[in-house]
Structures are given as C-alpha cells and as structure tokens.
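K.L.:
Please assemble the complex out of the two chains, which come individually in their own frames, going by the hints.
So the protein lines, in turn, are chains B and W.
My numbering puts the last residue of the first sequence at 315; the count rises by one with no breaks.
My numbering puts the last residue of the second sequence at 609; the count rises by one with no breaks.
Read the hints as simulated data drawn from the structure, not as lab findings.
Even glycine gets a Cβ: it sits at the ideal position worked out from N, Cα and C.
Incorrect hints may appear among the rest.
[Stated by the list, open to error] Label-pair ranges, simulated between beta-carbon atoms:
1. W:523 x B:277: 31 to 37 Å
2. B:263 x W:345: 41 to 47 Å
3. W:511 x B:306: 37 to 43 Å
4. B:207 x W:511: 27 to 33 Å
5. B:70 x W:598: 48 to 54 Å
6. W:523 x B:123: 42 to 48 Å
7. B:313 x W:497: 42 to 48 Å
8. W:444 x B:260: 43 to 49 Å
9. W:570 x B:165: 19 to 25 Å
10. W:359 x B:71: 52 to 58 Å
11. W:366 x B:123: 33 to 39 Å
12. W:497 x B:40: 24 to 30 Å
13. B:305 x W:399: 37 to 43 Å
14. B:304 x W:399: 50 to 56 Å
[What the hints assert, rightly or not] Which stretches of chain B does chain W cover? Using the computed rule of at least three CB atoms under 8 Å from a CB of chain W, they are:
15. 76 to 84
16. 122 to 136
17. 185 to 195
18. 216 to 223
19. 287 to 297
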Amino acid sequence: MTTVASTRPARAASRPTAVDQRAPGSERRAGLLLSAPFLVIYLVFVIGPLVVGAVVSFFNTTTVKSGLGAWVGLSNYTKVCRDPLFWQAMWHSVLFTLFTTPPLVVLALLFAVLAARIRRGRVFYRIAFFAPYVVPSSVVVLIFLWIYTPQVGLAPKVFSAVGLPVPDFIGSTAGGWTAVTLMTLWWTFGFNFVLYTAAIQDVPADVYEAAAIDGAGPWQQIRLITVPLLGRTTSLVVILQILASLKVFDQIYLLLSGGPNQSTRPVIEYIYDTGFTSYRGGYGAAATLIYFAVIVAISAAWYGLRRWRATRAAA
Amino acid sequence: MSTVTTRTLPQSGADPNAARTVDPVKLFNRLCATCLTLFALIWLVPFVWALVTSLRPDGSITQHPTSLFGGGWSLHAYRYAWDNYPIGSWYLNSLVISALSVLFTVVLCSMAAFALAFLRFRGRAAILALVTAGLMVPSEALVLPQFIEYRAFHLLGTYWALVLPSAVAPVSVFVFHAFFRGIPRPLIEAARIDGASWWRVYTTVAMPICRPAAATVAILTFITSWNAFLWPLLVLNQTKSQTIPVGLASLVNPSNIQYAEVMASSVLGFLPLVAVFLIFQRQIVQGIATTGIR
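Isolated chain W (complex conformation) (with noise of 0.2 Å):
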C-alpha cells in the first residue's frame, strides 16, 4: 500500500524539485507516521510503567509518584517477589502445561486433519461438521458443567484437566487442514505407489512438510494455554500447584500499597512471554492473521 506513494512520485526523496514543494501526499502520510508513531509510544507506555516502578523503593513512589529517577533504583522489589510468592513452582506448572498442550495438539490434531484431508472413511463428514460446529461453541462459557465432568472424573486438581481441553482445539485441526488441502495428492500418491503405509506416509510426507503450520500451531497453543485463567482458577486449588496467570491474581487488591513489589511480580509475569512473542511475532501474527484465534 506503501508503494502507492512510491508509484505516483518516483523517488521523490532524490529529486530536488519534489523536496522543495509541499506535497499533499507526503505531507499526508508523515502525519499519518506521527500520528501512529505516538500512539505506539503511548502503547508502550504501561509496559515502561511497570518497569520503572518495579526498580524503585515503595517511599519514594508514593511521595513522588511521578519523579521516575529520585530516590535511587534497586532490584529489591524482585527479591521481595521471588522469596514472598512461589513463583518458581508457578513457571514450571504453567511451563508443563502449556508445553504438554503443544505436545498433544500438535500430535492429535495433526493426525486428526490428515485423515480429513487425504483419506476416505466413514463418519469423515460427520467429523469435519463437528469440528466446524467446534469453532462457533464458546467453551468458556461451559466451565461449570466442564467442572463438574472432571470432577466426576476425579481429574481436579490434575495437570491433565488443562492440557486434555486445550489439546482438541478444533482450530488447530483447522490449520492443519488447510495445510493438507495445499499439499499436491501426486505426492502422497507416489508414497503410497512405494507401498509405504498411511502411518507413514503421515510421519515421512506430510509431517515434514506441515513443519510451517505445525510451527503456528504450536506457539499460539502455548500462548493460549499459558494465559488461561478462569479454567485453571477453577481447577488448581493448591497455591503451589497454580500457573502464573492465577498465582498472580492472588496479588490483585486494590489496598496492597506495594507498589514495587507488585509491579515487580507483573514483570515476572509478562516477561517470558513477552520474550516469545518478540523471538516468534513473525509467525504469531501471520498465525492469528489466517486463523482469528481468540
């Protein structure tokens, strides 16, 4: 869209002539550049809040609320976290978790859309209609009934109470579909022509090519299953068994004055995943992009 600029003035940066007179369209999209550009500054602008408050002493933020650099800097407020609030047991829950979800999806809907895609059986139909019927039902909503279920089940309290809803997104399916559907049928053919069997022609053929959509899948599965909370808040009940997204609402209340404290908390919180998107956010955003995941 960019290049509708480029097209109507020709390297005008280099001409003289266009840099002297004041063109509307240049003029244009530079607002348009200022414009944007404050409003990610402003974007940015908890995220720095956070930060800054984390680093300095609970005295000096209450007295001085908006002086960012009085009253020195420290790393106390995140020793005063670490050593108060279990957030290590805290990581490694959310960590086993999420990386148990991304396991499972990416095995079980994988599997699940190459026979959609490629083979021929009974009930195919009635399953590309169930999983399409899967992306309009809100599954947040049925958390009490999905609690009383596993509770039936005796898996309260259970990692697998988490991983096992999230590894049955039917949109993971769904990418994967699309996927298949783009892979050309000569080429699983052939395989099958070699007389490798669909076992294999799944793990040697598809699953290599599918690395892409495997690779979408699997980061937006972790993201999802990290940042759950009502679910996770219904089902770990133990304050050492929680991820971080419920160990950390403990911390919400709005008389709890320190403030350095918190915020150091909320750093720990969003930092590795803020750390995630930065390594992936290509691949995130193109994700989200093609699939609308929420």
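Excised from the complex, chain B in its bound form (with noise of 0.2 Å):
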C-alpha cells in the first residue's frame, strides 16, 4: 500500500489531453513503446490475478490440479458467506486490527513529538526504531518465540518483574493475542514513526517561535500546534495501518500457527488454508474476492472523504 495521494494525476491528466490530437506521431509512437514492457507485465501477472480469482470463484477448481472444473455458478459466495469460520477468521483479522493500530499511531506520534524536540541522537533513535522493520518476518518471528519461551524467556522473566501475571503467549488466545501485537509493535513501529517524523520536519519553524512569544510552553505547543497540523499525517498513519493490519499473516502464521483451535487465524491464513491444504481453489478464490471487496471499499472510502474534506475546504 503507498499513501502518494499528493502525486495524484488530476493535473497530469487534464492537462495534455486537449493538446493530444497536436502530438506528433513519434511522440506517440515513443509513449507507446516505452510504457508497453511495464503495461504488459502489469496487466497480465497484477491484474491478471484479479481476473483469474474472478473466474474461479464460480468453479470447482482444485489447487493441486490444472484446469478450470466445472462450472457451479455462485455456489461458492455462498458456501463462503455461510461459513462460521471465514466470518470469524475476518473478524480474527478486524481485532488484530483494533489491537494494534491504535498503540502502533499514539505512540508514533508521541514519539515523534518528543524526538522532533531533541537535537542530538536523532540519527540514533532512527536506527533504534527503524532497524526491526527491515529484517524478515520469519527472523521476528525466530527471535521472539525465543524470548517468549516459558520459564527461560526474556518475556515470562521482565512479565513477572514487573508483577504481571505470565500468559501463556504461544498456547492460549489471549496469550497468544498479546505476543502478537507486542511483536507487531516491535516490527512496525518504526514505519509510523518515520512518516511522522517527517511531517513534523515539514511544519515551519515560525509558528512555534510566535507560540513562544505569546508564552506557550512545549507542552501547549504540542497540544496546539504540533498535533493539530498533522492531521493530515494522521489519516494517513491511521488509513495505511488499517490496511497493513487487515492483510496480516506472516506474524500469526509463523508464530502461533493460527493459534489453539484456529482461534487467532487471519482470514488470509483462511484462504491460504482452504487453498493449499484442502486445495479448494474455486472456494478459496469466492473467499479471496469478498476480503479483496473489503479492503477496496475500506480505501476507497478513505479516498473518497479525503477528496470531500479537500473540496468543502477549498470551498
């Protein structure tokens, strides 16, 4: 997912149409060619997919076989919406959702406020907060079912430091729930944090300094000032962790292996399931295509607000 709202081709796309028909023939000639390599890959193996899911929903395709079976009309959609465990592994993915995009933004911001005040170290914390997001899911997952160990792990140890009771982290729900988001918290926070990071960098330096003339202290600057003018940050932070959370897999999968009775399985670890281990591919891809309607609707209403909130307030 990208944010790149900013480089939307309104203009672009207005602006040579008028003088398309002057275009000389080698300037169209030249477009074609040059885009044609990167069109053909993208529509035949991106969008392709979208269009091979599409067809197979409404066959009983298999995975472990070619071809496209027979044709069972929508039988698939609706097996699917009838199914308890694909609503329940959507609602798996939805409150892993709620669990993590909330500490995954306030912190984010917090700390980036805070580092935002501080001159000397900035390149330290960057590194800090930064370095887990560059390494391997698996290599996470590798390090934290260590830490999570029972009774030798650094986690069961600072837990009972603290005086928290341990949760069991790999064998129970809950237990499982909290291991998760902590990991997730550790992996990703760092991303958050440079997309705030870098806004605040963008507010102009003279606001604050005429806060500061009429005697605000840091504190009101960042309740007043800072936080308020990365409202636009802010959605977002908030829109590209929401579709980041929905489309987890890795960290459930490798970690707690969809938890006791598939009781934290994400709908993906869902589809990946019916698809490569009962190899349902018709069902799989009825399944895949109601998440992927999800997922656009979700973006597409945060487009479509943004669009409306820049227009009433252009108006």
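P.N.:
Dropping the structure here:
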C-alpha cells in the first residue's frame, strides 16, 4: 500500500488531452513503446490474478491439478458467506487491527513529537526504531519465540519482575494475541515513526516562534500546534496501518500457527488453508474476492472522504 | 523543531544564569530525551538478546537464562547452523531474486514513468488511472488466484514467479513519475531540438538526472523483495531453492530447544539487511517518508 495521494494524476491527466491531436506521431509511438513493457507485465501478472480469481470463483477448481473444473455458479459465494469459520477469520483480522492500530499510531506520534524536540541523537533514534522494520518476518518470529519461551525466555521474566501475571504466550488465545501485538509493535513501529518525523519537519519553525512569544509552553505547543497540524498525516498513517493490519498473515501464521483451535487465524491464513491444505481453489477464490472487496471499499472510502474534505476546505 | 528552544533561550548552555535557574522548557526537553533514549534502548533489546544467546552454549542458556556471561562464549552455534541448514543457497536465492527485481523495476518503471511524464500518447490517462488503482490494491490478498494463474503459465518454482510481480510495483512508477515532473521541460525540449530520439532523451538526459529516485526505488525494492514471505513460500517448494525468510521459517518450532543454534540462524538472517539499512539509512528513511511504501 502506498500514500502517494499527493502525486495523484488529476492535474497531469487534464492537461495533455487537449493537445493530444497535435502530438507528433513519433511522440505517440515513443510513449506507447516506452510504457508497453511495464504495461504488459502489469496487466498479465498484477491485474491478471484478479481476473483469474473472479473467473475461478465460479468453478470448483482445485489447486492440485490444472484446469478449471466444473461451473458451479454462485455456490462458492453462498458457501463462503454461510461458513462461520470464514467470518471468524475475518473477525480475527479486524481484532488484530483493533489491537495494533491505536498503539502503533499514538506511540509513533508521541515519540516523533518527543524526538523532534531533541537536537542530538536523532540518527540513533531513527536506527533503533526503524531497524526492526527491515528484518524478515520469520527472523522476527524466531527471536520472539525465544523471548516468549516459558520459564527461560525474556518476556516471562520481565512480566513477573514487574508483577504482571505471565500469560501462556504461545499456547493460549489471550496470550497469543498479547504476543503477536507486542511483536508487531516492535517490528513495524518504525514505519509510522518515520512518517510522522518527516511530517513534523515540514511544520514551519516560525509557527512555534510565534507561539513561544505568546507564552505557550512546550506542552501547549505540542497539543495546540504540532498535533493539529499533523491531522493529514495522522489520517494517512491510520489508513495505512488499518490496511496493513487487515493483511496480517506472517506473524500469526508463524508464531501461533493460527492459535489453539484456529482461535487467532486471520482471513489470509483462512484463504491459504482452503487453497493449500484442502485444495479448494474455487472456494478460496470466492473468499479472496469477498475479502478483496472489503479492503478496496475501505481504501476507496478513505480516498473519497479525503477528497470530500479537500473540496469542502477549498470551497 | 528543536530550534524552538534555541530561539527562546539563546545559548542557554553558555549563559551561567540560565544554567543555575531551573528552566521548565529545558527540563521538559531533558525529560523527553531520557524517555526516548530509554525506549530506543528497549527497542534494541531483541537484537542484543538474539546476538548474546547465539554466542552461548545451550546448557548454560537453559540453566541460567539471564546470566549472560556465565558458561563462556563460542561461535559453535554459527558453525552448526551453517552446516545443518542450506543458508548459503538461501542467501544466494534471495540475492539473485532481489537483484533481478531491482534491475527490472528500475528499468521498466522508469521507462513507463518517463512516457507518462513527458509524452502525449493514446491511453496515457488510462495507464495513469490503472497505476493509481494499483496503489490501492493489496496484492497480498490475491495470492490464491495468483498461484492458479502462475501454475497455468508453468512459472511456479522459477525465479520469474517472484521477479515479475515485484518488477511492476505501481509505487515505483509513482516515485519516478513525481521525480520526472520536477525536471524542467525546456531541458527535454532542448535535447529534442538537438535531434535526439525519445529513447536517447530517456537514456542520456532523464536517467542520469533521476539517479536519486532510482536509488530510492532500488533500495526499497531490494528490501521488499528480500523480505517477501507468503508468495515465495507458495512458489518455491524445494528446500534448496528457498529464500532466506522462507528457509528460516522452517526453524520456527516452539518445541525447538536448540536456542543458540536458532538464534545464530536468526542473526545470520537479519545481518545483511541491517547492514544495508545502516549504510543507506538516510535514503531508506527518506524514501519511506515520501512514498509510504509498506
């Protein structure tokens, strides 16, 4: 997922259409030839799967042998919609989003605001917070599995040292959610931190200068200037975080393998299981498309809202 | 932002009066620094813990888990990990796949972005719309139909299955496109008047200028494709042909008590990328901040 709201082609698209007829043939040919390699691969290998999924969802295709199988109409969709396990998996993805989004947004904002007040050591903070983000998910899981090991691991020791009850991090549902949430916080926190840090640097210094002359203390400056001015960034960070959290797979699949009785299994793991352990390709494709529609609806709603706000602000 | 304090208290460190009186702003900043440093150190704990564990003998880990310096240190776990898992081939696979992805992404996406930014042709608006839509589409969600399609093309188990989809990331087109739009048009037109073909303008004028954008795209593509997990897990089914993340995932097992060996493998798994990050941290962070790639 990406932001790139600022680079949206509204202006670019409107300008050249009027001149289109006058563009010389060499220019039109060059344009097509230069974009063709990208376009062909993009259409076949990125848009292609969407089309394949839409087609396959109407057949009882299996993933073990090639061929479409028999036409089954809408029955895959009705079966998916009636499957409580599918809705449970959807709920687990939503639950993971609810657990991870607030701390990942609020803490990132807080730390970025604090870091902006400090002159020295910014590179150190950046490295410390962002380094986990470049580590592969399976390595993160290996390290945290060792940290969560009962008795000898670091997390049980820290939990009991500060007087918290030590949950069964890997074996229980509640402990599993705690484990995955803390691990995700460590792993992806740096991303939001960096987005906020960059946005804070764009706030002009004279705003603070004026506030300081008016007698605003540091806390008032943060509360009344920095945080409100970061509104657009917060909206961006929140949507990116929601979309990323709804796509959760690696952490839960690797660390908990779906949890006891699949009690933490997210929707992508549900699709993975139907497609690659019970080999029901058509059924899995129907589940994919329902999930896909939800994700697209959420991001479209966000874009729409942002646009509506922008036009209202302009008017 | 730190400039605020400088402005309200000019050279407060050098001024003896300011140093003696307790200044609330300064106190607040010091509190911020302490708090933040504490959390930054906490963030480094998992790395240090993995590194320390990997250097200790297994026996002392289970008997005295927190006494770090008891039992001596050794590199035995690294030797064991290297001998028992095909880490060498995993590295090689990851490297080849990531390098090919970077190469194809930079070439294909910059070409397309150049055309979109400077040339007027039929279908231009449609391509832009398609790419914009691609930014909102979560490709991870489509792994199952993707698998079915790639099997039909007999691409499963090949490097191409991993390189092709990552080579046409819409976000890379946008990074190049945004950069090209910043190039003054007269520069391009001057080259055209000198008789250069569009291909020559692209290779000799536009590409040399857009080196920073190419670097951003290259580094971010490298990291994303090195770290990809679900798609390589499905595509590469032979142990030897796996990438680092997929190969190391086979060591994930809560009942595995060879802690030192597993941590040694983890250190080997995160070392190359952390090294890349430390070298290019400025570009990486700037790239993330301007594109929001996740």
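K.L.:
Now, for every hint given, state plainly whether the structure supports it.
P.N.:
Cross-check of the supplied hints:
1. A beta carbon spacing of about 51 Å between residue 523 (chain W) and residue 277 (chain B) contradicts the range 31 to 37 Å that was offered as a hint.
2. Checked against the hint of 41 to 47 Å, the pair residue 263 (chain B) and residue 345 (chain W) passes, with Cβ atoms roughly 46 Å apart.
3. A beta carbon spacing of about 41 Å between residue 511 (chain W) and residue 306 (chain B) agrees with the range 37 to 43 Å that was offered as a hint.
4. The hint said 27 to 33 Å for the Cβ distance between residue 207 (chain B) and residue 511 (chain W), and at roughly 47 Å that hint is violated.
5. Between residue 70 (chain B) and residue 598 (chain W) the CB atoms are about 53 Å apart, so this pair conforms to the stated range of 48 to 54 Å.
6. Separation of residue 523 (chain W) from residue 123 (chain B) is about 29 Å and departs from the stated range, judged on CB atoms against 42 to 48 Å.
7. A hinted range of 42 to 48 Å for the beta carbons of residue 313 (chain B) and residue 497 (chain W) is inconsistent with their spacing of about 26 Å.
8. Evaluation of the 43 to 49 Å hint for residue 444 (chain W) and residue 260 (chain B) yields a pass: the beta carbon distance comes to about 46 Å.
9. Between residue 570 (chain W) and residue 165 (chain B) the Cβ separation comes to about 24 Å, which falls inside the hinted range of 19 to 25 Å.
10. Under the hint 52 to 58 Å, the C-beta atoms of residue 359 (chain W) and residue 71 (chain B), about 57 Å apart, fit the expected range.
11. Between residue 366 (chain W) and residue 123 (chain B) the C-beta distance comes to about 21 Å, which lies outside the given range of 33 to 39 Å.
12. The supplied range of 24 to 30 Å is met by residue 497 (chain W) and residue 40 (chain B), whose beta-carbon atoms lie about 28 Å from each other.
13. The supplied range of 37 to 43 Å is broken by residue 305 (chain B) and residue 399 (chain W), whose beta-carbon atoms lie about 53 Å from each other.
14. For the pair residue 304 (chain B) and residue 399 (chain W), the supplied restraint of 50 to 56 Å holds, since their beta-carbon distance comes to about 54 Å.
15. With a cut-off of 8 Å between beta carbons, the region 76 to 84 of chain B has 0 residues touching chain W; three or more are needed, and the interface restraint is violated.
16. For the region 122 to 136 of chain B, the assignment as covered by chain W holds, since 13 residues bring a beta-carbon within under 8 Å of that chain's beta-carbons and 3 suffice.
17. Counting residues of the region 185 to 195 of chain B whose CB lies closer than 8 Å to any CB of chain W gives 5, which reaches the minimum of 3, so the coverage claim holds.
18. Only residues whose beta carbon comes within less than 8 Å of a beta carbon in chain W count, and the region 216 to 223 of chain B has 4; three or more means the coverage holds.
19. Look at the region 287 to 297 of chain B against chain W: 5 of its residues bring a Cβ nearer than 8 Å to a Cβ of that chain, three or more, so the hint holds.
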